[in-house]
Amino acid sequence: MALTTHAAEPVGGTGGLPAGSAAQRTRRRRLGLPPMTAKLATGLIISGAILLFGLLGPFVVQDPTRVDDIGLTGPSSAHLMGTTQTGQDVLAQLAYATRGSLTIGAIVGVLTLLLSGFFGVVGAYAGGWVDEVFSLFTNIMLVIPGLPLVIVISSYVPDKSLWLVALVLSLTGWAGSARVLRGYTLSLRNRDYVLASRVAGEKRWRILTVEILPNLIPLLASQMVFAVIFAILGEAGLSYLGLGASGSISWGTMLYYAQNGLALRLGAWWWFVPPGLLLALFGAALSLINFSIDEIINPKLRNQTRAARRSWLMSRKQLETAKEATL
Amino acid sequence: MTTLTAEHLVKNYHLRRGLRGGTLRAVDDVSFTLEPGRTVALVGQSGSGKSTIAKLLLQLERPTAGRILIDGEPVQRRGGGLSRYRRTVQMVFQDPFASLNPYHTVEHHLERPIRLHQPKLSRDEVHRRVLHLLERVRLTPTENVAARRPHQLSGGQRQRVAIARALAPGPGVLIADEPVSMLDVSIRLGVLNLLATLQREEDLGVLYITHDLATARHFADEILVMYRGRIVERGDADEVILRPRHEYTKTLAAAAPNPERRLSELRGG
Ligand SMILES: Nc1ncnc2c1ncn2[C@@H]1O[C@H](COP(=O)(O)OP(=O)(O)OP(=O)(O)O)[C@@H](O)[C@H]1O
Ligand SMILES: [Mg+2]
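Residue numbers (this note's numbering), protein chains in the order written: chain L, 1 to 327; chain R, 1 to 269.
Do not take every clue at face value.
[Stated by the list, open to error] So the derived label-pair ranges between C-beta atoms look like this:
id, chain 1, residue 1, chain 2, residue 2, range
1, R, 122, L, 277, 58 to 64 Å
2, L, 59, R, 122, 47 to 53 Å
3, L, 217, R, 236, 50 to 56 Å
4, L, 127, R, 267, 42 to 48 Å
5, R, 25, L, 217, 37 to 43 Å
6, L, 126, R, 132, 36 to 42 Å
7, R, 46, L, 281, 51 to 57 Å
8, L, 127, R, 74, 23 to 29 Å
[As the list claims (entries may be wrong)] Covered stretches of chain R, as calculated for chain L (at least 3 residues, CB under 8 Å):
id, stretch
9, 77-87
10, 101-115
Because the hints were derived from the structure by calculation, they are not lab data.
Glycine residues also receive a C-beta, built at the ideal position from the N, C-alpha and C atoms.
Isolated chain L (complex conformation) (with noise of 0.2 Å):
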């Protein structure tokens, strides 16, 4: 009787793939992890080159306030971006403005998380009075409109410091993540296992910690990812406006003072470029992981994709006349 069903599981269907590379998925998927596709490795390959040039270009570059009486000249071998209208290093600034965005990127992702994870998840757990008062206020939190807040705040605080802004883009962005992790964590907490558990006799944290959290591990990341996004083209639209952190850099103020100075009509596109660039190359990095966690989260997401298909070694029709005929 034992095991002998082994030979026709239904482990996901390896087949027509070399041994090696099975294996493989198999210790990804075992550590949560979303199988390496083209998608995920084209997102942490571009996201992790902007993130080391934010990391280490701060130490390689020359000083990036640093006025020179060469303004707003093209890439050269002294400046290898060329120079802003009052001769400031445009690479310099880019490497600053990189940590800068970054830095704000990373607060707001993690104030994110655990605003969210705390109203979201606690809330949906606890159940009763608990639930119904968190979601009230994160129904409150979610039409509060982020930008006249800010506005408003912004002409309260004359000194604003990086840390304010990416508060204030947190307080305004974690309210939806908390809904999506409450209807989740819903679901998940009246799921067999989570009773069976209650059933052996575990407490009720470590229900919470042990047994449902592993499984929000993906959705979690998906929600951080996604604040991060927002809060880097957040921090850099504020900036663009000139409502941003006083004294730091961003692409966002790299953008405003590009503006300000006429870079456009003057076409010193080293100017605007490289800032509006990598803005838009981490957006589009970030979503690509996106995607890709979000096809764990999401099996019918999964089984919709080419490689998925390919390892099944079926096309698109087939599958949907087996499907058909299974059903």
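Since the structure of chain L is already known, use the hints to place chain R with the ligands on it.
For chain R with the ligands alone, kept in the frame of chain L given last:
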């Protein structure tokens, strides 16, 4: 040696229908006793309240009225009393695909109840017990199975893991809520026979919830027929199947005209 008694259990669910609230009586005045070594089958159509009874007995829900007694004492709902109760009354869920956590290994599922109820055991001792449990539910090679995750097992194997988990604390009463309804017909009898063997070995009191009159008659000593939250017929297994008195039982029996043939079908498959 545990006797579990349900006395006049009632469970109401409050439904929200628009602005008006309604009450649904899922379980209505149900009493029965589970004794060591005996199997009681609870049969009834979908929605008749069978799983609700299981949830009440496992203290996953509170009864609206009525009492649950264990060895004659009312059950305790918190603290050490609840912990002792959890050790004695265990459950096998219907869907083995949902009742095992996809994130954890088989070993985790079996190790937790052992650790919870015998916190003093050493790590090695716990591991040995896990392997022993797997052996008892005929999942070998045990080391190999212990390291697997649920998605690497078939439905029948998962249900065996679920049974092993229920046995881990050394319970006296086992509640099996449609333990084979999600499994392929060809392996149902194997799982049921395993349950019966374990019951004999441990002298368990079993509540076997099912739709299937044939297996109920074969495995149970007593059958309770449930209809819309009430027990409409009860008695010795053969008696209930062969001479049904209540209308509903008659229709049920008619729907499965020949239990003998059905059982041999199951064996043959
Ligand atoms: N949490 C709940 N809230 C409201 N109604 C519920 C709840 N749980 C169960 N019910 C209702 O109680 C009734 C009995 O449900 P129960 O799950 O006990 O049926 P069952 O006999 O186990 O059916 P099945 O054979 O399909 O498993 C059903 O009408 C169901 O809709
Ligand atoms: Mg049920």
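For each hint, the structure was consulted:
{"no.": "1", "hint": "R:122 / L:277: 58 to 64 Å", "verdict": "holds (60 Å)"}
{"no.": "2", "hint": "L:59 / R:122: 47 to 53 Å", "verdict": "holds (52 Å)"}
{"no.": "3", "hint": "L:217 / R:236: 50 to 56 Å", "verdict": "holds (52 Å)"}
{"no.": "4", "hint": "L:127 / R:267: 42 to 48 Å", "verdict": "holds (46 Å)"}
{"no.": "5", "hint": "R:25 / L:217: 37 to 43 Å", "verdict": "holds (41 Å)"}
{"no.": "6", "hint": "L:126 / R:132: 36 to 42 Å", "verdict": "holds (38 Å)"}
{"no.": "7", "hint": "R:46 / L:281: 51 to 57 Å", "verdict": "holds (55 Å)"}
{"no.": "8", "hint": "L:127 / R:74: 23 to 29 Å", "verdict": "holds (26 Å)"}
{"no.": "9", "hint": "77-87", "verdict": "holds (count 4)"}
{"no.": "10", "hint": "101-115", "verdict": "holds (count 6)"}
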